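J.: Let the sequences and hints guide you as you build the complete structure.
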Amino acid sequence: RRRTRGPSQDPSSRMEGGLADESNGHRDHNHPAVTDSPSNGYHKSDKKASSLKKFSVSSFFTLADDKRKALRIYLVVSTLLLIRSYFSGIAAAGRETWYPAPLIGFVRSDLALVCALLGSVPFLCLVLGWTFIGVVLLPALAVKLSQLVMPGPIPTPTQAYHCLGMQTVLLGLLCLPVWRKPTAAIVAFLALAVLMPYVPDQIKPLFSSSLVESIPNQVINLNPSMQEDVGAAALESGPLLDFVWENRQDWVKVSHGRALGYFVFGKNFNHDQRWPQDGSYSLRRGFRLSSYRDTWGESDFRLGFPEQRKRVSNMFKEEFGTGLANIYSRVLNVDPETIVLGDMGALSKMENMGFPAVKVVFPSLFWHWFNNPHTDSYLYRMDEIDGKACDRARQRTFLIPLTEPPGAGLYYWYKNGTRAEVDYKVGNVYSFEVSVLHAIRPFPYFEWKHGMLDARVTIQAFGIPCGGNWYITH
Numbered sequence: 001r002r003r004t005r006g007p008s009q010d011p012s013s014r015m016e017g018g019l020a021d022e023s024n025g026h027r028d029h030n031h032p033a034v035t036d037s038p039s040n041g042y043h044k045s046d047k048k049a050s051s052l053k054k055f056s057v058s059s060f061f062t063l064a065d066d067k068r069k070a071l072r073i074y075l076v077v078s079t080l081l082l083i084r085s086y087f088s089g090i091a092a093a094g095r096e097t098w099y100p101a102p103l104i105g106f107v108r109s110d111l112a113l114v115c116a117l118l119g120s121v122p123f124l125c126l127v128l129g130w131t132f133i134g135v136v137l138l139p140a141l142a143v144k145l146s147q148l149v150m151p152g153p154i155p156t157p158t159q160a161y162h163c164l165g166m167q168t169v170l171l172g173l174l175c176l177p178v179w180r181k182p183t184a185a186i187v188a189f190l191a192l193a194v195l196m197p198y199v200p201d202q203i204k205p206l207f208s209s210s211l212v213e214s215i216p217n218q219v220i221n222l223n224p225s226m227q228e229d230v231g232a233a234a235l236e237s238g239p240l241l242d243f244v245w246e247n248r249q250d251w252v253k254v255s256h257g258r259a260l261g262y263f264v265f266g267k268n269f270n271h272d273q274r275w276p277q278d279g280s281y282s283l284r285r286g287f288r289l290s291s292y293r294d295t296w297g298e299s300d301f302r303l304g305f306p307e308q309r310k311r312v313s314n315m316f317k318e319e320f321g322t323g324l325a326n327i328y329s330r331v332l333n334v335d336p337e338t339i340v341l342g343d344m345g346a347l348s349k350m351e352n353m354g355f356p357a358v359k360v361v362f363p364s365l366f367w368h369w370f371n372n373p374h375t376d377s378y379l380y381r382m383d384e385i386d387g388k389a390c391d392r393a394r395q396r397t398f399l400i401p402l403t404e405p406p407g408a409g410l411y412y413w414y415k416n417g418t419r420a421e422v423d424y425k426v427g428n429v430y431s432f433e434v435s436v437l438h439a440i441r442p443f444p445y446f447e448w449k450h451g452m453l454d455a456r457v458t459i460q461a462f463g464i465p466c467g468g469n470w471y472i473t474h
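Taking the numbering used here, the leading residue of the sequence shown gets 1, the next gets one more, and so forth.
You may find that some hints are simply not true.
[Stated by the list, open to error] Calculated cross-link-like contacts (lysine to aspartate or glutamate; reagent style DMTMM-like; alpha-carbon spacing at most 25 Å):
id	residue 1	residue 2
1	K425	D278
2	K144	E447
3	K449	E246
[Stated by the list, open to error] Just the calculated beta-carbon pair ranges, DEER-fashion:
id	residue 1	residue 2	range
4	S291	L222	46 to 56 Å
5	Q147	S280	16 to 26 Å
6	Y86	N247	32 to 42 Å
Hints listed in this document are in silico derivations from the structure and should not be mistaken for laboratory results. Being a predicted model, the structure only gives us computed values, none of them experimental. Ideal placement from N, C-alpha and C gives every residue a C-beta, glycine not left out.
T.: Okay, structure coming up:
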């Protein structure tokens, strides 16, 4: 407004004039206007009061019409995503359900909603126009949520922080054209949903049980090789997958997998335990000891239910005992009569030599970021079976993929640190010496894929030759 200065008056009259100056939008010419001069002692306090009003608590939560509209859309979309996740849940392992949290993947029921709500916070910030906060929170929360549900504790390697920095920069650049606009939430969500499954290792924060630089020190097989027998299981793969999926209530959730969808269908001597049932909740097993969960579906308590283990083994033997023996005989180029599977023949009295088992992994952000180099050399230490001398140098691992989701396969390493990769194909059988350093290849979670074929389903077994027989167990 225009500054005016009236004739000299005493301070009291000037203050009265200032109070009435623009009370109704018309100037009262009987009283001069208040000036902005600091000498009158009023302008500074008026400005401070205006500032307090501007940043009051009520104004902080007062949103403009466009923000309110964007917030309503955000709430509707979030609700629809939660409803979709609910109906995409998969029940398995004794009346437990795993739900796909948006952008995170399959998580056990008690933590699925927590992960979904926490994961939505950065997008709420983007909708409200706090773009910088939202962009920074997205990669940070991705790591923290992975650590919440991952088989822990697994330290975050240094390269993960470098990768998160690059991801933050890339997200910021993508959101730059719509900075401080609600549209930034749409851009970020679509970018993560569409691009995340395809990010290269250079910007993927790979959690690892071993630091990348130390992997060559773990290589003990100097001439690793991967044998792929094309079509060796082509006839049996389809019926095997149907059998596994139809009986998923008999799967056993691997306890050290925490809230992730990680299961074994069959016996597993290095996972099945007999822990005391103390009844408390834990991230490791959730509410497994509650009345609405079947305790035998958790590997921590599996050894306490021998009748369940025996029943599942008998199911497998009756349905596919002959078929699996034929598959392994093709791979080894031996007579099927020389194949002895776990829980059969001389192995029937050896509790830790079970029938070949199925490993099932539901896709998630963690499995896309996790690398676990290891060997299988620790498995067999016996020198003989049924009086027949064993050749431990020829022990082998056998893998029969029943699904081939994008990215499913194996890593294995040479002594110089070179990493080789294998792509899984349904119908093929993959085998290698147990001394080969290898890992499940990280495979991504796709926001639009939640079915049976998107899980990683593999029959796993280990074989050792003793006398004229091959003993193949899990």
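J.: Hint compliance check: list the failing hint numbers for this structure, sorted ascending.
T.: 1 and 6
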